[in-house]
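Undergrad: Sequence:
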Amino acid sequence: MSSKPETRAFEAEVSQVLHLVTHSLYSHKEIFLRELISNASDACDKLRFAALSDAALTADDAELRIEIVADKDARTLTIRDNGIGMTRDEVIENIGTVARSGTRRFLESLSGDARRDTQLIGQFGVGFYSAFIVADKVTLTTRKAGAPAGEGVRWESGGSGEYTLETVDAAQRGTTATLHLKEDESEFLDVWKLRDLITRYSDHVAFPIRLPKMHEGAPTDEFETVNHAAALWTRPKNELKDEDYQGFYKSISHDFGDALAWTHNRVEGSQSYTLLLYVPEKPPFDAVLSGRDERKGLKLYIRRVFIMDASEQLLPSYLRFVRGVVDSDDLPLNVSREILQENRLVAQIRGACVKRTLDLLEKLAKDEPEKFARFSATFGNVLKEGIAEDGANRERIAKLLRFASTASEGEAKTVSLDDYIGRMQAGQDTIWYITADSHAAAKGSPQIEGLRAKGVEVLLLSDRIDEWMIGYLGEYAGKKLRHAGKGEVDAEVDGSEAERRKQAAEAAQPVVQKLAGLLGGRVSEVRVSHRLTQSPSCLVLGEHDMALHMQRLLREAGHDVPGNEPALEINPTHPLVRALADEADAARAEDLGWLLFEEAQVAAGDQLADPAAFVARVNRIALGAAHGG
1 MSSKPETRAF EAEVSQVLHL VTHSLYSHKE IFLRELISNA SDACDKLRFA
51 ALSDAALTAD DAELRIEIVA DKDARTLTIR DNGIGMTRDE VIENIGTVAR
101 SGTRRFLESL SGDARRDTQL IGQFGVGFYS AFIVADKVTL TTRKAGAPAG
151 EGVRWESGGS GEYTLETVDA AQRGTTATLH LKEDESEFLD VWKLRDLITR
201 YSDHVAFPIR LPKMHEGAPT DEFETVNHAA ALWTRPKNEL KDEDYQGFYK
251 SISHDFGDAL AWTHNRVEGS QSYTLLLYVP EKPPFDAVLS GRDERKGLKL
301 YIRRVFIMDA SEQLLPSYLR FVRGVVDSDD LPLNVSREIL QENRLVAQIR
351 GACVKRTLDL LEKLAKDEPE KFARFSATFG NVLKEGIAED GANRERIAKL
401 LRFASTASEG EAKTVSLDDY IGRMQAGQDT IWYITADSHA AAKGSPQIEG
451 LRAKGVEVLL LSDRIDEWMI GYLGEYAGKK LRHAGKGEVD AEVDGSEAER
501 RKQAAEAAQP VVQKLAGLLG GRVSEVRVSH RLTQSPSCLV LGEHDMALHM
551 QRLLREAGHD VPGNEPALEI NPTHPLVRAL ADEADAARAE DLGWLLFEEA
601 QVAAGDQLAD PAAFVARVNR IALGAAHGG
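Numbering (full-length UniProt numbering), first residue to last: 1 to 629.
Rather than coming from a laboratory, the hints here were simulated on the basis of the structure.
Note that beta-carbon positions come from the ideal geometry of N, C-alpha and C, so glycine has one too.
One or more of the hints may lead you astray.
What follows is a set of in silico ranges between Cβ atoms, one per label pair, in the way DEER data are often shown [claimed, not checked]: (1) Lys480 / Glu243: 41 to 51 Å; (2) Asn238 / Lys182: 40 to 50 Å; (3) Ala347 / Ala557: 47 to 57 Å; (4) Lys182 / Arg396: 51 to 61 Å; (5) His439 / Lys182: 48 to 58 Å; (6) Glu342 / Gly474: 16 to 26 Å; (7) Leu345 / Gly444: 46 to 56 Å; (8) Ala347 / Glu6: 43 to 53 Å; (9) Lys193 / Arg344: 47 to 57 Å; (10) Lys363 / Pro283: 46 to 56 Å; (11) Val602 / Ala388: 22 to 32 Å; (12) Gly422 / Ile465: 22 to 32 Å; (13) Ala392 / Ile465: 34 to 44 Å; (14) Arg423 / Asp582: 51 to 61 Å.
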């Protein structure tokens with residue numbers, strides 16, 4: 001028995017998505033079919049899982065399937081499944097409102113580039129709305145598995161600001177979406193076009209996708225399966241081509257681009273499972289925008305039955321970009337997230353996922369360095385999190401990291417820690433690095449002048465995560481990592497050089513004392529530098545202190561940052577330091593002393609306490625110099 005249709009308004013965010021889809025997205029229009037088939041496959045997966053504990057749900061129709069019918073006379077395209085179906089409340093929740101924050105993130109990430117924005121649809125779980133790319137009206141009829149025929153629901157909308165809902169009789173469980181195609185979308189009524197799209201985008205869906213059989217150019221009432229309808233990962237690897245793997249990747253990732261690399265392994269033994277893991281070329285939007293705490297992309301199957309998205313349980317956060325499937329023969333079919341967290345077998349599978357992913361990245365770095373360079377540019381900072389999170393694999397992860405260095409050409413060129421060690425000077429046992437706000441600031445840091453003058457390579461670390469990450473790394477391949485701007489530079493020197501340094505320090509004592517008196521408690525000490533060759537001054541922290549630019553970033557984020565005052569090192573041969581040493585005018589000497597300190601602050605990425613006073617000081621000194629003062 002049908003009820004009177006009820007008209008309801010879409011939630012504001014859904015209206016925005018619908019407007020975007022209807023008016024803006026023209027590239028890859030065929031995305032709608034892939035998304036609706038994906039939704040139908042999900043519905044079949046959910047029913048198959050639910051039937052494990054309630055066999056009655058599929059007793060009347062055990063073969064789960066997806067059927068697609070084109071009606072050229074009515075200009076409709078129908079996609080129907082006999083999966084889990086939806087109740088009235090679920091229809092409202094899943095289609096009429098934003099049940100998750102995914103749609104909001106989708107809207108926030110839009111760029112105005114129609115091609116890119118289209119690709120975001122499936123990745124944010126709003127794929128149903130893609131039907132309005134080709135349809136000016138969509139009718140959806142659904143009945144929840146196990147519900148009586150009289151509890152069917154019909155949803156209908158023209159893709160504007162509202163939709164109608166009514167209760168109807170539905171003889172079969174599952175969901176039927178009927179698209180009333182726009183005038184210029186007739187190509188999607190062609191069975192051969194539909195067959196091509198299914199083969200291209202949905203061939204690896206694990207349920208039969210059926211189209212009407214053709215006879216003398218016309219469809220019949222009989223159906224035939226047009227996809228493989230078998231889980232790709234269960235097929236022998238020697239039967240699969242690269243295009244098969246790439247097609248499956250696109251079907252599970254909602255990506256139009258190819259995967260960068262993949263690994264497919266079957267493990268037999270005390271427990272048996274199959275892994276098919278992909279490294280994308282571009283960041284999956286849900287993994288990057290959703291962050292560390294809400295991750296999807298690694299699907300858990302048990303004996304070919306989809307159980308859940310289990311990225312959190314099967315992959316550490318620093319590998320959250322990985323896509324793929326894990327299919328276990330041994331886990332219980334009624335496994336829950338709580339059981340997964342405590343299950344010994346899951347811990348073994350998780351370890352295997354990590355090992356296989358790192359194996360894959362190492363192979364990529366060795367055999368296809370250009371591809372690995374693209375991976376590193378895209379996911380290198382995410383991988384760095386593993387240095388802190390995964391102590392057992394710290395050395396392997398460190399081997400995969402890439403850094404700019406004084407030996408590389410330009411910001412784009414990077415080196416590995418092994419590259420660095422291979423170029424070490426005789427007797428060198430330290431890997432030197434510098435951290436800064438930007439590549440240019442690191443490259444131009446006065447703190448590395450002495451090392452560069454001696455031909456010692458320095459790693460230039462300018463990503464925000466670097467200072468935190470390097471604190472956990474400490475050493476690599478038996479070589480200690482040291483910040484070039486922290487602690488004493490204790491390079492070996494011969495007797496004559498040691499004597500020269502001693503004499504220079506003694507000769508500079510008057511200016512050192514003058515500076516110490518001017519700056520007071522703003523620095524821990526003033527001393528002659530062995531780091532500087534060109535700059536007049538630099539700030540030096542204690543060996544275990546946080547870099548000044550990181551202290552500034554944390555303070556800006558509202559954190560209390562305890563820290564010791566830095567030491568000020570000076571280059572006594574620099575004209576500015578000599579000018580201070582010779583200056584008899586107290587006011588001008590004060591300006592010169594504070595200028596040396598503030599220049600060092602700026603170079604170290606620290607924040608000036610009084611920028612206006614700094615500018616005024618520079619102006620006074622410049623004007624004095626211009627007038628011969």
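Undergrad: Would you mind marking each hint as holding or not holding in the structure?
TA: Cross-check of the supplied hints:
1. A hinted range of 41 to 51 Å holds for the C-beta pair Lys480 and Glu243, which are about 48 Å apart.
2. For Asn238 and Lys182, the Cβ-Cβ distance of about 45 Å falls inside the hinted range of 40 to 50 Å, so the restraint holds.
3. Look at Ala347 against Ala557: about 35 Å separates their beta carbons, and that is not inside 47 to 57 Å.
4. Here the CB-CB span from Lys182 to Arg396 is close to 53 Å, well matched to the stated 51 to 61 Å.
5. Here the CB-CB span from His439 to Lys182 is close to 50 Å, well matched to the stated 48 to 58 Å.
6. Roughly 32 Å separates the CB atoms of Glu342 and Gly474, a value that falls outside the hinted 16 to 26 Å.
7. Take Leu345 and Gly444: their Cβ atoms lie about 53 Å apart, and the range 46 to 56 Å holds.
8. Separation of Ala347 from Glu6 is about 50 Å and conforms to the stated range, judged on CB atoms against 43 to 53 Å.
9. The hint said 47 to 57 Å for the Cβ distance between Lys193 and Arg344, and at roughly 50 Å that hint holds.
10. Distance hint check: the CB atoms of Lys363 and Pro283 are about 21 Å apart, inconsistent with the given range 46 to 56 Å.
11. Here the CB-CB span from Val602 to Ala388 is close to 30 Å, well matched to the stated 22 to 32 Å.
12. For Gly422 and Ile465, the hinted distance range of 22 to 32 Å is satisfied, since their beta carbons lie about 25 Å from each other.
13. Under the hint 34 to 44 Å, the C-beta atoms of Ala392 and Ile465, about 20 Å apart, miss the expected range.
14. Between Arg423 and Asp582 the C-beta distance comes to about 42 Å, which lies outside the given range of 51 to 61 Å.
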